[in-house]
Amino acid sequence: MGLFKKITSLIVGDDTQVNPRATAVAPIKRLTDRDLLKLESKIGSTLFGPIPKGHRREFFCLDESTWIWHEEWRDDRGVDRQMSTRYEVHPKGILKVTEGPRYRFLEGQELANFVTATELYYEKVSRDIYRRDPRTGLEFA
Amino acid sequence: MEYRSNATKFNHDDVIDLDHYREAIRERGLAPARSKEEWLTSEWKEIAARIGAGATAHASRLSGESKPKPQSPESMRVAAIGELLQGYRRDKVASSDYYGRMAA
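Taken in order, these protein sequences are the chains called L and V. In this text, residue positions in the first sequence follow this note's numbering: the first is 1, and each later residue adds one. In this text, residue positions in the second sequence follow this note's numbering: the first is 142, and each later residue adds one.
Chain V on its own, in the form it takes in the complex (with noise of 0.2 angstroms):
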């Protein structure tokens, strides 16, 4: 199946399922498995710094809430995938050697 939008064109038949990458994180020790209550607190606070309060003050309005709700399916499997990506990345910069080689 495929869809459109107006700058976008994806083959549906590419999407893969995300749930075993949350699972590859927990193997893999990228990041600590978190419960639901984890999420709505220390992470929530780390992105909420980070983005900078005028910007988590205007999302709280346009959610209409002042406490976050539980994350979205869609923020889970994002973050899942930032999460990785992070990983990958902090290894491959550990393992890189001085010529800017990747290691084998």
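Chain L with its partners taken away, still in its complex shape (with noise of 0.2 angstroms):
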């Protein structure tokens, strides 16, 4: 399965793993991997402005190295469109990968804003989900 593809499971979920029954009752599971992440991304996806009316945005960090940035939209002639942006965190820079697929690093104020969002994600994600000081990471009382 393709990295994309992974991203776009995490999302929206695999209908292949969904179990009808289930979700006809309350959630009795423990919270997830990916729960959290969706949580995060509803706060990633307030960092860049308001969203244009009929986009789908998501901006979420993947893992100790990966950012993901995910917007869909219908555009002027009904077609669905989509695009998906990967950001490594690479010992000489931030990778930025886009479908095609295409490899860039980051620079100037490209890479000065990505760094500034992410700073912005770690301090509203710390207080609203996981209830812990950001400056400290302890655990609110």
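It is possible that some hints are incorrect.
[As the list claims (entries may be wrong)] Residues from chain L that face chain V, not an exhaustive set, calculated with beta carbons under 10 angstroms: (1) L62; (2) S65; (3) W73.
[Unchecked claim] One side of the interface only, derived from the structure: several residues of chain L facing chain V at Cβ under 7 angstroms: (4) D33; (5) M83; (6) V89; (7) I94; (8) V115; (9) Y122; (10) F140; (11) A141.
In case anyone wonders, no lab produced these hints; they're calculated from the structure. A virtual CB, placed ideally from N, CA and C, is assigned to each residue, including glycine.
Using the hints, build the complex out of the two chains.
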């Protein structure tokens, strides 16, 4: 399974794993990484200003070295479009991978913007989801 | 100060210093403190394995070198955030009950 397919599966779920009977009752299960990613992404999607009408945006930290930006929308001709961008942490810098695939290290203002986005993401997610002080990492009393 | 790109808009006043995050990593034991040399060996190997040989080779070509150099400040900051978040997730998953509620 390709990475973009995995990402999509993480975001929207995988129909093959859905048990219709289970979804009809209360979700009796532990939180999963995927649950938390979806919560984080809800916050991440707000970091870049208002989402245009008809767009769906996801922005989240997939793991220690990978960040994902995924956007879906319908264009003027009614065609469904989507764009996924993967940001990978490398020793040399942040590698931006777009579909194609095309690779490019972030630099200049784009790099500054990305780092700022991850900082804001951390700040908001720590407080709002994990109830931790982002400065100390300690849980709020 | 506010700056924009095509798709992004940030309030620079919200930007916070991340040095304390790395300190928090060490204090909370989420990841072992690593020297620069260790970052260049074990960490790089981990990352390289994860992203696959193709992307790694391409990254090396882009950076114009066959061996990784010290991590850029930006990489260090973003990696620190990623490590912290992964630690928080692990803790939250472990502490949630079977009804998906988060522990107080």
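Just to be careful: measuring from the Cβ of V115 of chain L to every Cβ in chain V, is the smallest value less than 7 angstroms? holds (5 angstroms)
Evaluation of the interface hint that places D33 of chain L against chain V, nearest CB under 7 angstroms: Cβ of D33 of chain L sits 6 angstroms from chain V, so the hint holds.
Should the hint that S65 of chain L touches chain V count as held when the rule is a Cβ pair under 10 angstroms? Since chain V brings a Cβ to about 5 angstroms from S65 of chain L, closer than 10 angstroms, the hint holds.
Given hint I94 of chain L near chain V, where the shortest CB pair must fall under 7 angstroms: holds (6 angstroms)
Could you check if Y122 of chain L really has its C-beta closer than 7 angstroms to a C-beta on chain V? holds (5 angstroms)
Hold the hint about M83 of chain L up to the distance rule: shortest CB distance to chain V must be less than 7 angstroms. Constraint on M83 of chain L not satisfied, violated at 10 angstroms.
Take the shortest C-beta to C-beta distance between F140 of chain L and chain V; is it under 7 angstroms? Since chain V brings no Cβ nearer than about 10 angstroms to F140 of chain L, farther than 7 angstroms, the hint is violated.
Should the hint that V89 of chain L touches chain V count as held when the rule is a Cβ pair under 7 angstroms? holds (5 angstroms)
Classify the hint on A141 of chain L as holds or violated, based on whether any CB of chain V lies nearer than 7 angstroms to its CB. Violated, about 10 angstroms.
At a threshold of 10 angstroms, is the proposed contact between W73 of chain L and chain V supported by beta-carbon distances? It is violated, given that the least Cβ distance between W73 of chain L and chain V is near 12 angstroms, above 10 angstroms.
Would the hint on L62 of chain L be counted as holding, given a Cβ-Cβ threshold of 10 angstroms to chain V? holds (9 angstroms)
Checked against the numbered hints listed earlier, the structure breaks hints 3, 5, 10, 11; every other hint is satisfied.
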